[in-house]
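So the sequences go chain by chain: Z and A.
Residue 115 in the working numbering sits at position 115 of the first sequence, with consecutive numbering throughout.
Residue 18 in the working numbering sits at position 18 of the second sequence, with consecutive numbering throughout.
Bear in mind the hints are in silico, worked out from the structure with no lab data behind them.
Any given hint could be a false lead.
As the list claims (entries may be wrong) - Quick list of the computed label-pair ranges, beta carbon to beta carbon:
1) G17(Z) <-> D78(A): 51 to 61 Å
2) A139(Z) <-> W80(A): 44 to 54 Å
3) R145(A) <-> E126(Z): 28 to 38 Å
4) E26(A) <-> H122(Z): 43 to 53 Å
5) M167(A) <-> D221(Z): 20 to 30 Å
6) G67(Z) <-> R116(A): 46 to 56 Å
A quick note: this is a predicted structure, and the numbers were derived from the prediction, not measured.
Here a beta-carbon is modelled for each residue, glycine too, at the ideal position from N, C-alpha and C.
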Amino acid sequence: MSELVQLSDITKVYQGGVTGALNGVSLTVEEGEFTAVMGPSGSGKSTLLNLIAGLDRPTSGSVAVAGADLGRMGEAALARFRRDHIGFVFQFFHLLPNLTALENVLIPAQLKSTTSAEARGHELLEQLGIGEVADRYPARLSGGQQQRVAIARALINQPTLLLADEPTGALDTRSGDQVMELLMEVHRRGQTILLVTHDAKLATRYAARVISVLDGKIVDDARLETTERAATDVIRVRGEESRR
Amino acid sequence: MSLKYGLLGLLAEEPLHGYEVKNRFEAMLGGTWEVNIGQVYTTLQRLERDGLVRPAGERGDRGKLLYELSDAGRKALDEWLAQPESGPQELREDIYVKLLLAARLANGNLGPLLSRQKRAYLQRLRDLNQLEGRARKDGRIDLARLVRGALLHTEADIKWIDELSEMGISGESE
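Generate coordinates for the entire structure from the input sequences, incorporating the hints supplied.
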């Protein structure tokens, strides 16, 4: 495995407030990892994701993704970098309402002008179990379907890194589970994923590495084991025996 | 929780031998509570003495005795099932006392302890998640439900640890 993301001593200061600021964050993400970033709102976890995506720039420190130093890039180069390397899934889908599901999926591909994009768009929608809604507009899709369209859009350019910011936050439990299972399936095929969530159950179910952010700092970086354990080693029910 | 009512509940489904009731009890709990067969027989004898179960027929093959629920047993079971669990919250894990003591002994610097404990809880969550997944896949719904309860409890423990960290009990920010 090689290093895909390298943050060195990142500081991010926002004018007029400390919310979302970062203070001396260093972090390395290896290729093929499924990493979860956890922390309360305002802790800086979304800022972290935006810096890695090249959507924002740090006040100091360096961000390198897939061997490229984002700090040295101008806006145009940064836009190309995002298109070629980053897939982003948001909490509230962010689909364009006047485009169909398929057209939404193809937006990043058209920016890249790939000829086989439409076929791949259909294929992705099929893989995500929503092939039949390709021609529908977002308003006619359920939340879970909209998020799957957003995932297809994030994957259309075969990104080096998939970033997901609370992807189940606006979904009911069942749709949320389906979306996470799909992301896991994508990960099994080799996709590197960085997931921001405040849900520890969700984080530990899918990610083998859980990073905790608090007040703009990484306070813990836990790599979890995946060994299969016997039920009695994980959970034990016991009670008082009836005396008398 | 009590083995007594577990046995009564299983006998309410059908009359069973001692070892059958033991096996069913353990299977229901997915092996998370191992019961000694001696305990089962002692409990059955007490239940019989109190008139809550009675032998169904004579001793059969190799001296095995089939037990069935009596009307009094059914009544006791129904009352127990209807009763909400209203006792004090039980905190059996050492961490609850460890944190209080560490706060006194280590000048309030709980950072490392909180961090280690959170890792342990995260690992437990992962293990529970995997167990729940396996239980569902194997169609062991009883176990999956039990594990779900444990998952939510562990999540609450993590929230507590996070809250202690956020409140700056780590000493640095106090």
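Each hint tested on the structure:
Checked against the given bound of 51 to 61 Å, the beta carbons of G17(Z) and D78(A), roughly 59 Å apart, stay inside it. The given range of 44 to 54 Å is respected by A139(Z) and W80(A), whose C-beta atoms sit roughly 52 Å from each other. Restraint check, R145(A) to E126(Z): a C-beta distance of roughly 34 Å satisfies the suggested window 28 to 38 Å. In this structure, E26(A) and H122(Z) meet the distance hint of 43 to 53 Å, their C-beta atoms being roughly 51 Å apart.
Separated by about 22 Å at the C-beta atoms, M167(A) and D221(Z) satisfy the suggested range of 20 to 30 Å. Between G67(Z) and R116(A) the CB atoms are about 35 Å apart, so this pair departs from the stated range of 46 to 56 Å.
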